[in-house]
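Chains as they are written, first to last, in our numbering: chain A, 1 to 113; chain B, 1 to 110.
Read the hints as simulated data drawn from the structure, not as lab findings.
Treat each hint with caution, since some may be false.
Chain B side only, calculated, beta carbon under 10 Å to chain A, not exhaustive [claimed, not checked]: (1) S28; (2) G43; (3) N63; (4) T102.
Note that beta-carbon positions come from the ideal geometry of N, C-alpha and C, so glycine has one too.
So you can see what is in the structure, the chains are spelled out below.
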Amino acid sequence: ETGVTQSPTHLIKTRGQQVTLRCSSQSGHNTVSWYQQALGQGPQFIFQYYREEENGRGNFPPRFSGLQFPNYSSELNVNALELDDSALYLCASSLAGLGYGYTFGSGTRLTVV
Amino acid sequence: KQEVTQIPAALSVPEGENLVLNCSFTDSAIYNLQWFRQDPGKGLTSLLLIQSSQREQTSGRLNASLDKSSGRSTLYIAASQPGDSATYLCAPDNTDKLIFGTGTRLQVFP
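Can you make the complete structure from the sequences, with help from the hints?
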């Protein structure tokens, strides 16, 4: 079975620009979650998608948005980038329902200059 | 609001030692708890998943215990090796999202 894959691995953007990060979920998983991890911190929950709908959101502004596609892959979009958006963005997939764990991808390192 | 604390924040030990990493959380209404390993600049690798009804899980040299009522989990690493050097994160799952602390940064030297 394939794991969670994220692209690109690294990205440099200028403040004010927009960025799209991509994630392919593990085979058999139908839920995708996105996390932001600043340097030296633990990951922070951004939002989760299930059946192509947002299913829970953390304390992030509306300029963070997402999509889930019928094949369960997902995108994270960030508009009007700020310097503080520089972080490692992690995607995790899981199977909806209690008791299932999460599988994480290798992350996308975003640097905003 | 779930809050997670991991103690110690950092640990440096010679190889061969048995280690104890502690995790505490404030909301005991969790579905399960997962322990992860993270190498610098990399993603998270799942080590152990403990269901809320379980007391412990074992995988090789790793053993994790869970006391949901007191909001505590412990990760035991037996006979530590330099390859165990990484940051270890615990994450309780309630309301379908993981909440992380800042982790324990472990260095095992030869």
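### Message
Just to be careful: measuring from the Cβ of G43/B to every Cβ in chain A, is the smallest value less than 10 Å?
### Response
Because about 4 Å separates G43/B from the closest Cβ in chain A, which is inside the 10 Å limit, the hint holds.
### Query
Does the nearest C-beta of chain A fall within a distance shorter than 10 Å of the C-beta of T102/B?
Cβ of T102/B sits 5 Å from chain A, so the hint holds.
### Query
How about S28/B: closest beta carbon in chain A under 10 Å, or not?
Because about 15 Å separates S28/B from the closest Cβ in chain A, which is outside the 10 Å limit, the hint is violated.
### Message
Using the nearest Cβ pair, does N63/B come within less than 10 Å of chain A?
### Response
N63/B check fails; min Cβ-Cβ to chain A is 17 Å, beyond 10 Å.
Hint violations for this structure: numbers 1 and 3, all remaining hints satisfied.
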